[in-house]
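K.L.:
Each chain sits in its own coordinate frame; assemble them with the hints.
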Amino acid sequence: MKNHLIGALLGGCVLATAGTMAAAQDKVVLTMWHGHPEWKNAVEAILARYEEQNPNIDIQLEEIPGQSLIARLNTALAAGEAPDLFALRLGPAVAAAGEAGQIIDLTDKVDISGMTEAAQSAARYDGKIWSVPIFGSYTVGLYYHKEIFDENGVTPPANKTEFMEVCRKLQDSGVTPMIAPAQDGVIPAFLYMMMASSVLGADGFEEVRAGTRRLDDPDVVEAARFLQDIYPCFADGSLGTAYTEGKALFALEQGAMLEGGSADYAGFLQTNPNIDVGVVPFPAVDGGTPATVTGMQDTFSVNSESEHPDEAIAFIQWMIQPEAAQMVADTITLSNTVGVSPSDNPVMKEMVEASLSNDVRVFYEFPETGDVFAAIQENAASLFLGEITPEEFSAKLQAVVKPSGA
Amino acid sequence: MLAQSRQWDGRGGRRRRQSALARRYGHLLFVAPGFVFFIAFMVLPSLAGFAVSLTNWTGVGTDFSFVGLDNFVEALGSWPLYRAAWHNLIMFLAILVFQHTVGLFVAVQLHAKPRFMEVYRTILFLPVIISLVSTGFIWTLMLSPNIGVINALLKDLGLGFLARAWLSDPDLALATVIGVQCWNVLGWAIIIYLAGLQAIPEELLQAAEIDGATGWVRFRRVVFPLLSPSFTALTVLTFIGQFRVFDIVYVLTGPLGSPNFETDVLATLIYRSAFGGSSIASNDVRMSYAVALAVIVFVIMAIASTFLIRVLRRREISA
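Protein sequences appear in the order of chains A and B. Numbering follows my numbering, in which position 21 of the first sequence is assigned residue number 21; successive positions increment by one, without gaps. Numbering follows my numbering, in which position 1 of the second sequence is assigned residue number 1001; successive positions increment by one, without gaps.
Isolated chain B, as found in the complex (with noise of 0.2 Å):
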């Protein structure tokens, strides 16, 4: 072996030259699959995007004129963006804290490993793996006011008072759509919790009770502070998927996000841009202007995301 290292040395300068360079930038080599991947499928497309942008193309024909901006002063000056913007925020809000409270505290209880934990985990993981267009499909069934399980159980409950048109009620529509998620979601926010809770080292769980920690206060200034980097992968996770989501929102009230547009988020006003509200009519289809849209709200998430994770990681370093 020592032998070898030295051969290797005595091989003169241009040899340790290149191992030097090898060194330095042998990891583009591995690097370099994914990242041609991340150009041909990512950066580039992103770039044509862009290029489309700015043109009046309306997703058939060959007609690309350049009209600059056009696309984007209007897009920022239309109320529809910010109406779809506002009920993505709204999302992610409600979901942020449902994930919080509710997905924190069934982690913590599975954490206490209680019987048949396994089952619970299992059962409360399952709405993940189902694909969102199903769970769409099936509470669109269940949700119908006329022929929905939902309603038909609450009649039968005596609770017939509570029965409603969930997903055509003004008023409702929207809740019930975050309702749906959370009941989707929820599996992420224990099994992120749970993986951060298995983290936390016992003996700073023991050394807090020999202080005379009571478990509230082991819990908020031990445990939490210790949850950081889980609740910053969640906050994170949350607010992009909230701020593109489209296909549950589709399923369920379709590409107007009806009623009146009570559930219209940002990807059904760019998906109803590019490719117009139905099947019959095509005289407001642009996909130019869709794109422009997909454009500010990338550069907005972008933006966000960045302010998010910095954000979030100083607290975490300050916990």
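Same shape as in the complex, but just chain A (with noise of 0.2 Å):
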């Protein structure tokens, strides 16, 4: 008897692990590899609403963070070893993994005439479609603490002469004006496209790329002076202070305003549930117009050595479509996909209206402007620190422009 009952329970744990097996080997698994340990929640449960909708897939997320996520992506590529989805960072890096045949061409596999046209052209490339923005995109404005700007009786500057006013009285009051993390040049480097924006705007911003507007015109050097003379309203340490580092701090109410993008509040509110902000474009060159810069959040692509080329894909096109750009625009950033906006997020409605006035695009995204980013990060320091005069620094970045007329 007793014999029996254990065999009777050896042959269902065999059944039920052959069942289980089965299950496992009829689900695909999709593997993929993302940059933003801060956005899982968010992420998990946009995948979970898919697995639920298509229980034929599992889809394993591994974040990464930011510059770990290059070097380890980089070497899984060069291996053959890469996940099937992933983000390359647009520009450069895209077009070679495409050229080399490492990503698959989703130009008639995936449909993206729903998404904005900042999207479709991030999507681009030589036209053909190597990656899709589906984590939408990222606008990047002034975040400013309500409570302390009433306190202290200021209201958001528009330009160059009332945001020193503002840092003036709120350095007078005691309170740090503004944090800005620039130990690996990032925000030096938003600072400076908001400010140029802010005199070449968006038509301007196409004749740099054009070469028939420069960087270090003198109007536009005018930008690289308020970078440099807005260094005294910095929080102390702020050139050694990591990116991270400064956005807790701002959630902290530490200072008063942060140069910052839509996928950072989600953050914010992680550190202080209580925050309490508005955002506006930011503070023009004097006589410019207050700019904000957009860029396309991580551009997904397909590993052309993945086993399921079709479901990988089908996910990308599931991903634009405004079921999960909803979920994105609610929980993450600002969504590339038409008609798709924050349903219940004020401050993300704010930076949607801020973007309307003057939105250029980001420099890094282009070809023609791709390296003034790094220039920036490699001289804003010195600039700060007024080893190199405006002019100089402007000449720099000038110096690594490609202009496609050219």
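Hints should not be assumed to be uniformly reliable.
With the C-beta cut set under 7 Å, the calculated list includes, among others, these residues of chain B facing chain A [to be verified]:
#, residue
1, 1046
2, 1163
3, 1167
4, 1168
5, 1304
Think of the hints as simulated: they come from the structure by calculation, not from any bench. The structure presented is a predicted model; accordingly, all values stated were derived computationally and were not measured. The beta-carbon is built from N, C-alpha and C at its ideal position, and this holds for glycine as well.
P.N.:
If you want it as structure tokens, here you go:
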């Protein structure tokens, strides 16, 4: 009797295991890497919705923080061990992977007609679609703490003169005017892009790309001067402060203002659920128009060595449909899908409004101005410390522009 | 046993030849596994790396166009390489002096077996077993001018005038990074010198004492010369360690060696060239150039290390 019982139990176990294995074998497993651990909950919720609608798909997500992702992804690509879905940095990296056949040409496989013009433009390279910005786009402007502003009787500045006045008043009250984590040069690069955009506008930026306008033109040099002049408004130790630390400091109200993107707001909330901030376009160089800049969030490609390319492509297509796009807009950042806007997020709505007046694409997504970002990173600290003049700084930036008309 | 030997000897020349072969080359069998791994994971990748340095490969894609020695010429003519190497050199010299003075001093004190010696030794060695990345994060937080405990402590002690933006001040950042490293490597210096001190025969010290040598003379004339092997080991290890230091600098001051490249070292320069200065733009990424930099650093370090070992070994022999 005892032997029969053990036998029955063993048999049951075998059957159960076999059943589980069969179910597992039926499932298509897609591997996916992305570089935003801070979005973990939001992305997992989106993936769960997709898996719910597609029970045969299991997407295994791995979050690898930004810079480490690049090192690991490049190595994995070279070794032929990259995941099914991954995001390369937009620009030369995507182009090189496409030309090398490491990623699938999505041109006739994914319909991006429902996306914004900027997103379609970013997705296309030499007429082909190699990657799709499925996690929306980010618009960068100026965040400010409403309460700190109210307490000190100041309003969001619209130009350099007003900004310097707000800075002075806040400093007089013992408040740090601006958190600007400049350790890796990313924040100074965004500050400069917005300041220069306030002079150039979208049309002027196109002229820079074409070579009919220069970053060392006297009026554009004023953007570099603005960047240099606001350095005293930064928090102590800005040159050595990391981006993540800076965002946390701002969320914890250690400073009144922060240059930040739409995708940063979710992180602020995670650090301080009671945060009360507003967002405006970044103040203009005097005489210019306050500006925001917009770039594509991770643009995802499909590994050409994927065992399940059709399923991976279907997932990308689903991500840009209204349902997923709405989840992105509500929990991560602005959507790239036409007609989708944040449903209940006043800060993101302010960001959308901020971008209506003078929004320019980020410089580094274009081959002509791609190197400007790195040049700012390398030279901003010298500008802040007064080792180079705004004229010299601007000349260094112009030196790396490769005009399309040249 | 004798019979076995005779039987062995009596088997003729062929067997004896095998035995000679085995005696001469048998050790290779023991070396072979490690050697195979060394070839597979060190030599071949290094050769492949050198091949990559002769191309224009960006790190992504399959464009490996041959560019000859262009990357090397460009690297050797670029100021950032010399700036980074200068920072490595300063770090090496500062940490070397620290280890051979403070490290040796503490080791001598511990060698005298004070009360709670084991506790002291454990505490002093503790930083060594903490990963450099963790060390970097801990110190980043402690040194932060906004939330750090160091400045807060100074203020509480009435020394607020000493509070600084330790990692952001261009005049202080490199010294601060060196300070953090000193905290981290002190344990090594102590352990190596302590081992050297414990190996010195007591008779020599007693003989010197009988000859009337004072404590300082005994240390200078007997102990220190006999610590030469420890000195050599520590110097060479510090040289190699400081010229390839990466993780702690990366965590403390980022990929750009902030502020304004004041803490940029060879490894961060190579990393930045290979993977970019940020996760946002990729335009400045050139893997082949980074590999060329790494090859240059490898060659210079190999030459310098060999020279250093020879000079220090000669000193050991004469001592």
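K.L.:
Against each hint, give a clear statement of whether it holds in the structure.
P.N.:
Going down the list of hints, with the structure as the test:
| no. | hint | verdict |
| --- | --- | --- |
| 1 | 1046 | violated, 16 Å |
| 2 | 1163 | violated, 9 Å |
| 3 | 1167 | holds, 4 Å |
| 4 | 1168 | holds, 3 Å |
| 5 | 1304 | violated, 28 Å |
Of the numbered hints stated above, those contradicted by the structure are hints 1, 2, 5, listed in ascending order.
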